[in-house]
Amino acid sequence: DAGITQSPRYKITETGRQVTLMCHQTWSHSYMFWYRQDLGHGLRLIYYSAAADITDKGEVPDGYVVSRSKTENFPLTLESATRSQTSVYFCASSEATGTNTEAFFGQGTRLTVV
Amino acid sequence: QKEVEQNSGPLSVPEGAIASLNCTYSDRGSQSFFWYRQYSGKSPELIMSIYSNGDKEDGRFTAQLNKASQYVSLLIRDSQPSDSATYLCAGYNNAGNMLTFGGGTRLMVKP
Chain A
183 DAGITQSPRY
193 KITETGRQVT
203 LMCHQTWSHS
213 YMFWYRQDLG
223 HGLRLIYYSA
233 AADITDKGEV
243 PDGYVVSRSK
253 TENFPLTLES
263 ATRSQTSVYF
273 CASSEATGTN
283 TEAFFGQGTR
293 LTVV
Chain B
435 QKEVEQNSGP
445 LSVPEGAIAS
455 LNCTYSDRGS
465 QSFFWYRQYS
475 GKSPELIMSI
485 YSNGDKEDGR
495 FTAQLNKASQ
505 YVSLLIRDSQ
515 PSDSATYLCA
525 GYNNAGNMLT
535 FGGGTRLMVK
545 P
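Protein sequence lines, in the order shown, are assigned to chains A and B. For the first sequence, the numbering used here begins at 183 and goes up steadily by one. For the second sequence, the numbering used here begins at 435 and goes up steadily by one.
None of these hints come from the bench; they were simulated from the model. You may find that some hints are simply not true.
[As the list claims (entries may be wrong)] Calculated lysine-lysine pairs in the DSSO-like style (CA-CA distance at most 30 Å, straight line):
| # | chain 1 | residue 1 | chain 2 | residue 2 |
| --- | --- | --- | --- | --- |
| 1 | A | K193 | A | K239 |
| 2 | A | K239 | B | K501 |
| 3 | A | K193 | B | K476 |
| 4 | B | K436 | A | K239 |
[Claimed, not checked] With the Cβ distance kept under 10 Å, some of the chain B side facing chain A (calculated, not the full set):
| # | residue |
| --- | --- |
| 5 | E437 |
| 6 | L480 |
| 7 | L522 |
| 8 | T534 |
[Stated by the list, open to error] According to the in silico footprint, chain B covers these stretches of chain A (three or more CB under 8 Å from chain B):
| # | segment |
| --- | --- |
| 9 | 206-220 |
| 10 | 223-229 |
| 11 | 232-246 |
| 12 | 284-295 |
In this text, a Cβ means the ideal position worked out from N, Cα and C, and glycines have one as well.
Required output: the full structure, derived from the provided sequences and hints.
Here it is as structure tokens:
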């Protein structure tokens with residue numbers, strides 16, 4: 183199906199474990215973004231990527247790692263999960279930036295760290 | 435300081451009234467702004483984009499941008515209970531590569 187998809191939709195993991203959240207888009211959009219959403223904080227940008235092999239830190243990058251070896255995929259890895267990383271994670275993509283470019287969102291991944 | 439700021443609300447309006455949602459931003463060089471609507475448990479969906487000073491209308495929605503005051507607003511006319519959701523303001527930074535969001539304003543439209 184065309185669009186942007188995230189997997190898994192729900193994940194429970196233990197403190198200290200590594201976990202990877204997947205994001206795949208079929209539009210060949212240049213830009214991709216990872217956000218986390220917590221009550222009272224809205225959407226906070228974790229990392230973004232302008233193209234394959236180009237990634238940059240956002241507002242809250244600590245504890246996260248990203249990669250973008252292919253344009254369509256932008257996985258987010260929590261190298262050693264902590265309870266404070268319990269959140270809903272959204273991936274988004276955009277054709278370009280600047281004018282006339284909105285971001286489209288995946289369905290989200292609800293991550294619980296116990 | 436967040437780059438994009440919103441009042442968290444909730445903003446409560448009666449059905450049929452005009453709902454006014456506001457947003458300020460700190461990066462004077464920001465060029466592109468967006469309003470997203472998010473229902474509980476769902477992902478954000480785009481309502482409006484605005485790039486130039488002034489008003490932009492789309493159906494019941496009007497976005498307003500004032501770059502001198504670094505202010506973006508969204509007006510919803512003839513508010514309906516189905517408009518009850520969290521509204522997120524977003525903007526790109528001056529470099530045009532980071533899209534950041536405000537904390538969102540929860541709107542409640544009462545029948």
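Structure-based check of each hint:
Note on A:K193 and A:K239: the hinted pairing holds, with a Cα-Cα distance of about 24 Å set against a maximum of 30 Å. For the hint pairing A:K239 with B:K501, the CA-to-CA distance comes to about 26 Å; that is within 30 Å, so the pair holds. The suggested pairing of A:K193 with B:K476 holds, with an alpha-carbon distance near 17 Å, which does not exceed 30 Å. Distance check on the hinted pair: B:K436 and A:K239 sit about 15 Å apart at the alpha-carbon level, within 30 Å; holds.
Interface restraint check: B:E437 against chain A, minimum CB-CB distance 8 Å, threshold 10 Å, status holds. Nearest Cβ of chain A to the Cβ of B:L480: about 5 Å, under the 10 Å cut. The hint holds. Below 10 Å, beta-carbon pairs count as interface contacts, and B:L522 has one with chain A at about 6 Å; its hint therefore holds. Because the smallest distance between the Cβ of B:T534 and any Cβ of chain A comes to about 6 Å, under 10 Å, the interface hint for this residue holds.
With 3 residues having a Cβ less than 8 Å from any Cβ of chain B, the segment 206-220 of chain A passes the three-residue criterion, so the hint holds. Judged by the Cβ-Cβ criterion of 8 Å, the segment 223-229 of chain A is covered by chain B as claimed, because 5 of its residues qualify and three suffice. By the rule of at least three residues with a Cβ nearer than 8 Å to a Cβ of chain B, the coverage given for the segment 232-246 of chain A holds, with 4 such residues. Counting residues of the segment 284-295 of chain A whose C-beta lies closer than 8 Å to any C-beta of chain B gives 7; at least three are required, and the coverage claim holds.
Checked against the numbered hints listed earlier, the structure breaks none of them; every hint is satisfied.
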